[in-house]
Structures are given as C-alpha cells and as structure tokens.
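Sequences are here, hints too, so could you generate the full structure?
Sequence lines, in order, name chains A and B. Residue numbers for the first sequence follow this note's numbering, beginning at 1 and rising by one. Residue numbers for the second sequence follow this note's numbering, beginning at 1 and rising by one.
Hints listed in this document are in silico derivations from the structure and should not be mistaken for laboratory results. The reader is advised that the hints may include incorrect statements.
Facing chain A, from chain B, some residues (calculated, C-beta under 7 Å) [as the list claims (entries may be wrong)]: (1) His65; (2) Phe74; (3) Arg278; (4) Ser300.
C-beta: ideal position from N, C-alpha, C; glycine also.
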Amino acid sequence: MRFLSETEVLACHELRRAGARRWLRLEVAGLAAASPGETVLFSEDRHSPRCRIATVDRFSGDRAVLVAKFEADDLAPAAGNGLTVWSNENPAVSVGAGSLIVTTSAFLYRVAPFALRGATVLVEEAGTDLWQDLRRRVERGLAWTSVFLALEPVRLQAFAAEFPDANPYLFANMDMSCGIGACRSCHVTVSDNKDGEASCRVGPWFALQRVNLVRLQFASAPFI
Amino acid sequence: MDLSVTVPMGAGGVTFKNPVMSAAGTFGNIVEYLDVFDITRLGAVVANSFLPWQGEPNRCRRFAHTESGYLSAFGINNMTLDRFIAEALPRLPAEDVPVFVNIKAPTRVQLVDMTRACVESGRIAGVEVNGNFPYAGRDEPSYWDNPQQNEEMFRALSAAAEGKVLLWSKAATSAKMIIEDFVSASERGGADGTVLFNAIPGARIDIERRAFVCGSTGFGGYSGSGVKPFALWRCVQAARVATRPVIASGGITTAEDVVEFIMAGAHLVQIGAASMSRPDYFPRLLDDLYALMERLGVRSLDEIRGCARAEAAPET
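As structure tokens, then:
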C-alpha cells in the first residue's frame with residue numbers, strides 16, 4: 001500500500017446501472033502518478049463509510065479518470081470533493097504487452113485500460129460464441145504469454161477445459177471495506193495459503209488453479 | 001499535555017500512551033498495518049478474535065454498507081492463537097505498543113489454555129474474552145447469560161493470567177445480562193476491565209433481488225456511528241458500577257466522540273468500524289484528538305473522566 005495523492009473531483013458521471021449498483025467515472029485532478037489499469041484505493045473525507053477500489057482508466061499530467069462501482073446507498077463524490085488515493089498495485093502479476101484479457105461487457109470497465117499497456121482485450125460480443133471466436137483468432141496467429149480472465153465462474157471453467165495448458169489468472173473484483181487486507185471481507189480461498197488472500201491487497205488477479213471457485217462464487221460479489 | 005492512561009494489573013500497572021485502541025475484528029492480525037502507519041502511536045492494538053482452531057471466512061457476501069455504518073459477516077476468519085504467537089507476534093513492536101488479543105472458545109478449559117498461552121508468550125499485554133460467542137457447549141453453561149457462571153469463569157481465567165496479562169471481559173451487546181450485572185460479575189471473578197460493546201445483530205434486504213444482502217443466514221453484525229448514542233448510555237451505566245477500568249466502544253468516529261466517552265467514564269476507547277473508512281484513519285484521529293484537547297484546555301484525561309453531568313431546571 002502506497003499513499004499517492006490528495007486529489008479533487010472535477011466531475012462524476014454514471015457509466016452504467018444494474019439494479020442497485022452504479023458504475024461511476026470520476027475525473028480527478030492532483031493525482032501524482034498512476035498507470036492505466038492500475039488498481040487504486042480511494043476514500044472521501046470523514047463521511048466516507050469505507051474505502052473503495054477503482055481502476056485508473058486514463059492518466060495524463062496530474063489529471064486522471066477513475067472508474068469505480070458504487071452501491072445504491074454510497075454517496076457519489078461531487079465535483080469539488082476531495083479524494084485521498086492510495087495505490088495497491090501488485091507488481092507480482094503484470095498485465096501488459098503479450099497479455100490476453102478475455103472478458104464480457106460487464107467487466108470491460110475494469111480491464112479495458114490494460115489495452116493502453118499493450119494487452120490484447122477480447123470482449124465477448126452479443127450473439128457470438130466466445131470460444132469459437134478465440135479459437136479462430138488463435139488459428140490466425142493470436143498468441144499470448146499470459147492470459148487473464150474477467151468472466152463469470154462458468155466461463156472460467158469452460159476456458160480451462162478449452163485451453164488446459166493456459167494457466168490463466170482470474171479477476172476477482174471483490175467488495176471490500178478496509179483496503180488493507182485486515183477485515184478479510186474480500187478474502188479469497190486459495191489452495192496454497194491456509195490464511196487465504198485479500199483481494200484488496202494482492203488482487204484483483206489470482207491464478208485460476210489456486211482459487212476455490214465455489215467459495216469465491218458466494219463471496220462478496222466478486223464477479224460483477 | 002498528557003493523554004496517557006495507566007490501568008492497574010497485579011501489583012503494578014500498564015500504561016497506554018493515549019486512550020485510543022483498535023478493536024478486534026477490524027484490525028486483522030495487526031501485521032497488515034505495519035506498512036500502513038506507525039501503530040506505536042496508538043494506545044494499544046487488538047488483533048482479530050482467535051479460536052483454538054483455524055477459522056475460515058463465511059461463504060457469503062461478508063460486508064455491506066448500510067445506514068451510518070455497515071453489516072459484517074466475516075465469519076470465524078482467524079488463524080489459531082498459537083500461530084499468531086509464533087508467526088505474527090514476533091513481528092510486532094510489542095515493547096512500544098501494548099498488544100492485546102481477543103479469544104473465543106466453546107469451553108472454559110479452552111479459554112484457560114489460551115490465556116496461559118498468552119502469558120507464556122511474554123509479549124502479550126492483555127487478553128479480551130469475547131462474549132459474542134455461544135459459550136454453551138453441550139456440557140458448558142452459558143457464561144454470558146448468568147452472573148454467577150460468568151464470575152466463576154473469570155475466576156478460572158484470572159488464575160491462569162497470574163496477574164501477568166490484563167484480563168478483560170468483552171460484553172456481547174445482545175447478551176441477556178444487563179451491562180451493570182455483567183461488569184460486576186466479571187470484576188468479582190477477577191477481570192481487570194470490561195470492553196462494553198460489540199456489533200449488534202442487523203440485516204439489509206435488496207428489494208430488487210428480494211434477498212438479504214449480507215451473511216449466510218441473512219444477518220450480520222451492525223457497527224458504525226449509528227450505535228453511538230446507545231453505546232454512550234451503556235458506558236455511563238457501566239462506569240457507575242465499575243470499580244475497574246471500562247473500555248468503551250460502539251460508533252466512535254471522531255476525536256469529539258473519544259472525548260464524549262471519556263467524559264462518560266471510560267478509561268480507554270476501541271475503534272473498529274470507523275477505522276476501516278480509510279487506511280490513515282488512526283493517525284488522523286490522533287492528530288485531531290491532540291488538537292481538540294489543546295482547544296479544550298485539557299491537560300490530562302483524569303480531569304475529564306466521568307465529568308459529564310445532567311442539567312435540568314430546579315423545581316420551583
């Protein structure tokens with residue numbers, strides 16, 4: 001965890017709404033350094049009930065665009081509000097050139113920025129077969145050094161069946177509260193660490209073969 | 001200005017450099033915070049609850065924001081006490097900040113064993129015995145619903161503590177015993193203090209999905225600023241009967257809240273829900289607290305502890 005900056009919200013727009021959840025795009029000024037796709041924690045002053053997790057969508061100068069999920073009763077930051085931003089980027093899992101990200105439109109907001117780092121982002125299109133599309137691309141020469149899946153559990157298992165040697169990482173965008181790995185509300189059960197791992201601290205990417213998918217499925221809204 | 005608090009233990013005492021503590025269940029195994037802020041600025045730190053066995057988080061949504069706080073259903077998400085002592089405790093600056101642990105077990109024998117393990121560690125300053133657990137195994141009485149049984153349990157735990165660690169009882173807010181009886185029974189048994197509040201049962205429903213939002217049973221523990229008035233009242237009730245320190249908790253968020261609880265009679269305060277609002281919550285709170293004491297002209301907490309009085313017009 002690394003303190004980044006005290007920032008100011010310039011604008012806040014709703015990107016998408018699903019039931020009680022909203023996905024907001026926050027334009028902020030004053031961010032010291034960040035890179036597209038980076039996961040950051042942010043917290044408003046005093047009235048913020050918890051910190052939230054966001055993805056850096058764009059960064060230029062000291063201006064940045066953050067995309068984050070809000071629950072129905074979360075207050076959306078208003079223009080002029082202050083936000084404190086911390087980085088929780090995990091350098092152990094690097095997404096960039098040579099990476100293939102497979103996703104659906106529901107997850108695109110979190111992974112699209114990785115394209116700016118050189119990753120190939122494959123999005124399932126309506127009415128198409130994702131695996132057929134992927135196989136066709138592979139036949140045409142698509143290759144990857146590492147593959148990242150931002151998909152629902154059933155799709156994760158289907159990918160593993162289709163490409164058994166790929167050793168993919170899965171995306172666990174957990175709801176969380178403390179942002180430090182202490183409260184364990186975003187705990188992910190993994191096979192090689194009996195204490196599990198906190199998505200806020202070391203996520204959002206986890207090696208698929210390490211993760212107990214059944215447990216994850218019922219955890220804190222990891223796949224939305 | 002001196003914000004230190006000294007509480008008696010055995011023939012001596014333990015000094016806290018200020019009254020602000022973390023709260024069990026919200027501060028992990030403490031080690032998570034070592035690279036976040038200087039934890040030695042706190043009066044004391046409390047690790048998550050420990051059971052005699054390795055825990056596992058609930059298989060459900062474990063957290064949900066709600067009015068003035070949140071619901072949590074983290075589950076029995078601990079490592080064992082033995083592993084904490086062996087792996088985490090050596091990494092903590094226990095010489096510079098008192099380290100407390102919170103223990104739970106279904107039987108008195110297990111609680112006694114855990115207390116002994118804390119004493120033998122030589123680095124744990126205090127043990128909180130958590131009442132938010134169904135201490136009513138098949139062969140065990142419910143120590144939290146019966147004053148006499150509670151007293152007997154603390155007598156056994158006190159003997160195990162040998163005056164070498166502070167022994168605190170932590171009240172279950174939903175227990176059947178009223179807080180005054182709980183404090184008195186624990187003290188008679190030898191508890192060195194009482195932690196007054198724990199999360200209260202709560203629920204939230206997603207009306208679109210027609211489903212409970214949090215917890216495998218639909219319920220969780222509610223914490224947050226919404227409980228503060230009740231917790232403050234409870235603190236006053238407890239402080240009136242207590243002969244040993246009371247440790248307040250429940251909805252404490254700001255420096256002003258800390259001072260309110262001291263004025264209600266608390267020696268120390270524990271902060272949980274609010275501390276999760278941002279990683280630098282505690283250092284900011286301590287800065288605010290020192291500034292507030294300066295503004296109020298208070299040099300020592302002893303000047304204001306329990307000073308709050310009711311005001312009403314005299315009968316005419």
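>> I'd like to know which numbered hints this structure contradicts. Please list them from smallest to largest.
In response: Going through the list in order, the structure violates hint 4 alone and respects the others.
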